[in-house]
Amino acid sequence: MTSALEKYATSSVPRYTSYPTAPHFVSEFPESVYRGWLAQLDQDKPISLYLHVPFCKQMCWYCGCNMKLAARYEPVATYFKHMLDEVEMLADAMPARMPVGHLHFGGGTPTVLDPEDLATLMAVIADRFRLIEDAELAIESDPRTLTDAMVEKIGAIGFTRASFGVQEFDPKVQKAINRIQPPEMVENAMDRFRSVGVKKLNFDLIYGLPYQTAEDLRRTVEQCIEMKPDRVALFGYAHVPWVASNQKMIPTEALPTPAQRAEQARAAADALVKGGYVRIGIDHFALPGDKLAEAAKNGALHRNFQGYTPDASPTLIGIGATSIGRTPHGYVQNISETGAYMRAVDAGKLPVARGHAFKDQDELRAHVIERIMCDGKVDLTAAGRQFGVADDWYANEREAIEQLQTDGVITYASGQLALTAVGQPLARVVAAVFDTYLRNSSVRHSIAV
Numbered sequence: 004m005t006s007a008l009e010k011y012a013t014s015s016v017p018r019y020t021s022y023p024t025a026p027h028f029v030s031e032f033p034e035s036v037y038r039g040w041l042a043q044l045d046q047d048k049p050i051s052l053y054l055h056v057p058f059c060k061q062m063c064w065y066c067g068c069n070m071k072l073a074a075r076y077e078p079v080a081t082y083f084k085h086m087l088d089e090v091e092m093l094a095d096a097m098p099a100r101m102p103v104g105h106l107h108f109g110g111g112t113p114t115v116l117d118p119e120d121l122a123t124l125m126a127v128i129a130d131r132f133r134l135i136e137d138a139e140l141a142i143e144s145d146p147r148t149l150t151d152a153m154v155e156k157i158g159a160i161g162f163t164r165a166s167f168g169v170q171e172f173d174p175k176v177q178k179a180i181n182r183i184q185p186p187e188m189v190e191n192a193m194d195r196f197r198s199v200g201v202k203k204l205n206f207d208l209i210y211g212l213p214y215q216t217a218e219d220l221r222r223t224v225e226q227c228i229e230m231k232p233d234r235v236a237l238f239g240y241a242h243v244p245w246v247a248s249n250q251k252m253i254p255t256e257a258l259p260t261p262a263q264r265a266e267q268a269r270a271a272a273d274a275l276v277k278g279g280y281v282r283i284g285i286d287h288f289a290l291p292g293d294k295l296a297e298a299a300k301n302g303a304l305h306r307n308f309q310g311y312t313p314d315a316s317p318t319l320i321g322i323g324a325t326s327i328g329r330t331p332h333g334y335v336q337n338i339s340e341t342g343a344y345m346r347a348v349d350a351g352k353l354p355v356a357r358g359h360a361f362k363d364q365d366e367l368r369a370h371v372i373e374r375i376m377c378d379g380k381v382d383l384t385a386a387g388r389q390f391g392v393a394d395d396w397y398a399n400e401r402e403a404i405e406q407l408q409t410d411g412v413i414t415y416a417s418g419q420l421a422l423t424a425v426g427q428p429l430a431r432v433v434a435a436v437f438d439t440y441l442r443n444s445s446v447r448h449s450i451a452v
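Just add 3 to wherever you are in the sequence shown, counting from 1, and you've got the working numbering.
No lab work stands behind these hints, which were simulated from the structure alone.
Glycine included, every Cβ here is placed at the ideal spot set by N, Cα and C.
There may be inaccurate statements among the hints.
[Unchecked claim] In silico SDA-like cross-links for lysine to any residue, where the CA-CA straight-line distance does not exceed 25 angstroms:
1) 84 to 347
2) 362 to 97
3) 231 to 278
4) 60 to 247
5) 71 to 254
6) 277 to 228
7) 84 to 327
8) 178 to 69
9) 231 to 187
10) 48 to 300
11) 277 to 216
12) 10 to 442
13) 202 to 301
14) 202 to 231
15) 178 to 261
16) 277 to 427
17) 202 to 291
18) 277 to 229
19) 48 to 96
20) 202 to 316
21) 352 to 69
22) 202 to 303
23) 203 to 118
24) 277 to 313
25) 380 to 347
26) 175 to 186
27) 48 to 164
[To be verified] So the derived label-pair ranges between C-beta atoms look like this:
28) 187 to 30: 44 to 50 angstroms
29) 255 to 131: 45 to 51 angstroms
30) 378 to 249: 31 to 37 angstroms
31) 297 to 95: 34 to 40 angstroms
32) 26 to 76: 21 to 27 angstroms
33) 252 to 9: 28 to 34 angstroms
34) 77 to 6: 53 to 59 angstroms
Let the sequences and hints guide you as you build the complete structure.
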């Protein structure tokens, strides 16, 4: 580990899938404000939809998502009906039958839905919205519980992309995180999806897991490369047992040290690049020709709550408990607790819990942070002029910028800031320099690497 990496790797910084980040949204955000934002959407610009299904059939110890165990289908069915109602309310609040360019089902495990319920939900969406030609329809799935009936239905509906949480293939690590799925199970799920026309497949991998070594992860990556997923996301495990109580099942002493985490991340990234994948941002990889790789090459990469994306839409509508959405005016987050979420929907209210209306330099700083996270560089002077502020808008950040330059993390001259090779894994640390909300915050975040 280099001295710069050693200095900054354990910094507590956000993942910057939004700016401001979710902990800084205000509570009791007025539903009327969100309805006003929806009414002002440009009916000619495609929007994106994110649908959250917070149910799983088995608890994974590493998971930090908002999820519930589904021992029976009845609670899932009840939740599904409320998602239908929310879709109807959202569509009614918009100025027209809005075009949709991207749709993503996340969770939890969206494939816990009954196949016919998934088809019904998609039919309502297709009726109330207009799926544009070549719209990307993506869904997360669990190879351990994926049924043939669900695979067939996903293919029939016309989904274009599916993703799998692979995490790690080493048996001792899988046991420690309570997620047993041998490579053959994942490969079988891929084959089934491809057979019904879902050709674009993504893998999620995690480093920093209990008992994991760099060699374990390298072997996992090599097995993944043989299966040829189109995209691979390589996330650092965020051990936040004060947020996710299930993580208390993971013994802290089994977790790798910061130096070992950095070595794991480097080994996995090197293996993926050697295997023909293009590195994108801090934690994504894609085959050349994939839309994500093309967007990165053309300076058109973006970042939202699902990570890196070629989706340039300024509007992402969140549907379901805990989902987060964005409009050109700000962010909203739905109620997290499913019971309270459903009660709000029953009352005919959009189930908004928290939100943030853009103000001051929010949009400028969001742009700068996104370009650092996506491109590894940004023209600070040009960004200021784009948003109509003085060239010295970042005067308060100059000292931190100079320190990062001294430490070899960035280069900086005449307003041009760029990550060095050493600084690439530290993009979140550099982005955090421009986060005015973080400075006076006591919120705990995951470590940088």
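Notebook entry, point to check: Which hints, by number, does the structure contradict?
Noted result: 25 and 32
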